[in-house]
Amino acid sequence: MIEVKKLSKSYGPREAIRNLSFQIGKGEVVGFLGPNGAGKSTTMNILSCIMPASSGTAKICGLDVFEQALEIRRLIGYLPETPPLYSDMVVTDYLTFTARLRGVPSKKTPSAVGQVIGKCSLKNVENRIIGRLSKGYQQRVGIAQALIHDPDILILDEPTIGLDPIQIIEIRKLIQELASSHTIILSSHILPEITQICKRVIIINDGQIAAVDSLESLTTRLRKGERLLLKVRQNENEIIEKLLTLEKVATVTEQETTQFIIDCEPHAEIQDAVAKMALDNNWGIVELKPASMTLEDIFLKLTLEENEVKH
Amino acid sequence: MKNIWIVAKRDLGSSFNSPVFYCLTTVFLVLNGFIFVNILNFFSLQSFQVQQQRGANIGLNLNEMVIEPSLQNMAVILLLIIPLVTMRSFAEEKKSKTFALLLSSPIHLGEIIFGKFLACMIIIGLMIILSVYSIGYLIFVGQPEIGPIFTGYLGMFLMAGCYVSMGLFASSLTDNQIVAAATSFGLALLMWILGWATHAAGPELGQLLEYLALVTHLEPFLKGLINSSDLVYYFSFILFGLFLTHRVLESSRWR
Chain Y
1 MIEVKKLSKS
11 YGPREAIRNL
21 SFQIGKGEVV
31 GFLGPNGAGK
41 STTMNILSCI
51 MPASSGTAKI
61 CGLDVFEQAL
71 EIRRLIGYLP
81 ETPPLYSDMV
91 VTDYLTFTAR
101 LRGVPSKKTP
111 SAVGQVIGKC
121 SLKNVENRII
131 GRLSKGYQQR
141 VGIAQALIHD
151 PDILILDEPT
161 IGLDPIQIIE
171 IRKLIQELAS
181 SHTIILSSHI
191 LPEITQICKR
201 VIIINDGQIA
211 AVDSLESLTT
221 RLRKGERLLL
231 KVRQNENEII
241 EKLLTLEKVA
251 TVTEQETTQF
261 IIDCEPHAEI
271 QDAVAKMALD
281 NNWGIVELKP
291 ASMTLEDIFL
301 KLTLEENEVK
311 H
Chain X
1 MKNIWIVAKR
11 DLGSSFNSPV
21 FYCLTTVFLV
31 LNGFIFVNIL
41 NFFSLQSFQV
51 QQQRGANIGL
61 NLNEMVIEPS
71 LQNMAVILLL
81 IIPLVTMRSF
91 AEEKKSKTFA
101 LLLSSPIHLG
111 EIIFGKFLAC
121 MIIIGLMIIL
131 SVYSIGYLIF
141 VGQPEIGPIF
151 TGYLGMFLMA
161 GCYVSMGLFA
171 SSLTDNQIVA
181 AATSFGLALL
191 MWILGWATHA
201 AGPELGQLLE
211 YLALVTHLEP
221 FLKGLINSSD
231 LVYYFSFILF
241 GLFLTHRVLE
251 SSRWR
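So the sequences go chain by chain: Y and X.
So that you can map any letter, position 112 of the first sequence is 112 in the working numbering, and since no number is skipped, the others follow by simple counting.
So that you can map any letter, position 152 of the second sequence is 152 in the working numbering, and since no number is skipped, the others follow by simple counting.
In isolation and in its complexed conformation, chain Y is listed as follows (with noise of 0.2 Å):
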């Protein structure tokens, strides 16, 4: 359904991304996964026709974003980051400007406002002005202006961000309703969110592609080792070099004076073995914890791993 072959856009002389290749079928729920700046926000513009792309081609239904963008625009649904949002009008009247903006006949209007309002769960503040509604409130206009022309794909744009758990909850929920009847393409810098709602993740680091996979696969694979962070009272010289002597420990890393990550192969269980050799040095432990890899640290470890294998 929507087809990506080799897209660069330059912003000046800095490039935005670089050479990204990827397939999306259609029914498709892809999170597109990435540091700020990493060049998710362009990849989308691109796809919603509304940037052309420095060079490289992007396809959707067939259709070229670039020749064919006015009728590629009927069948797509965007969110930009910051929700295109007039802040001086009615809800129901701004998604009754949108549904005529992208082509709903005027008899048909009032049925699709319904219907987004229904679905988007606005009825209560439809007659409300837009620039007076909560955050949550007004991402959920944003998403219901992106479906008002029921369109076969959605291209949300950090659909979560700035709002609060208890909207980002109701929000994820939406999108998982919206996911049985539509091509879904959304993007986060927030790895859970990505698991919990998409089949396939993108990550893209610096305007390259890090990784296209499915959940799971990803998951195990970089669950390939573990980690512990060790926290002591005083730093003595040699804990580096005892801690390297456990069996099973591959890295050790010191992160402040007295706190070191500890990298390990995988179901080592060493942490009987790094608070006996604590006990016995007397180092005095004050936190020995399982360390959970941030997004960074993936986005580190895929990098590094590509580089390998170029290597």
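It is possible that some hints are incorrect.
The list that follows gives simulated cross-link-like pairs (lysine-lysine, DSSO-like), each with its CA atoms no further than 27 Å apart [to be verified]: (1) Lys199/Y - Lys26/Y; (2) Lys135/Y - Lys95/X; (3) Lys223/X - Lys94/X; (4) Lys107/Y - Lys2/X; (5) Lys108/Y - Lys95/X; (6) Lys123/Y - Lys9/X; (7) Lys97/X - Lys59/Y; (8) Lys97/X - Lys135/Y; (9) Lys9/X - Lys107/Y; (10) Lys6/Y - Lys59/Y; (11) Lys94/X - Lys135/Y; (12) Lys108/Y - Lys2/X; (13) Lys123/Y - Lys97/X; (14) Lys119/Y - Lys97/X.
If you want the footprint, here are the derived chain X segments under chain Y, 3+ residues with CB under 8 Å [stated by the list, open to error]: (15) 71-79; (16) 91-99.
Derived by calculation from the structure, the hints in this document are not laboratory data.
Fair warning: this is a prediction, and the values are worked out from it, not measured in the lab.
Ideal Cβ placement from N, Cα and C applies to all residues, glycine included.
Dock chain X against the given chain Y, drawing on the hints supplied.
Relative to chain Y, chain X alone:
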């Protein structure tokens, strides 16, 4: 055509729902009325003097001495007001990121621009129509020639069209409304007074400058003449402004 109206309708709704339109209309009507009353007072004083001196009952020309200067002054007030109407058009959409909505919709960029142009013209048209009471009053109390009044107003609309197209161009350049207003005011004033450089610029360039000045082409309309050359000038001026706007917006998508 339908899409142009959809864009224009939203802009109009937003203008009528905000105090901007009412404030600008009030300012325009108050200034316009003040100037009209003063011109009229001066006129009645003069005709009184003329009657006393010559004794005979020859009235002065109402068209030449009241209506023409009133419309001329109105054009100057519009020069101040229109940048404030047009400044929002693109600058505000860009600032509040709503421009992405228009750009991701299945309509042409040209339709967006014409929609914005139409919305501004309707607002300014309303202002001009509301000001008709002043000159309309003269029709009841005096015997002005009706023809030049109509052509005068036609010239006023065309002239407003030029200001609007410059205003839209300025607004497309920036996402800051004040910058947009200042730029379009500067452009409009420059185009208005371009003829002042005629004498200094030498015969050929001077003629060109005089042709390009907005005010040169307004004079015949105020006198009751509709020259096709003036119509061509105004329409090409408007279209050129809108064309530049199109270029600016299109090129900003590539950057």
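Hints that the structure is at odds with (numbers, increasing): 3, 5 and 15
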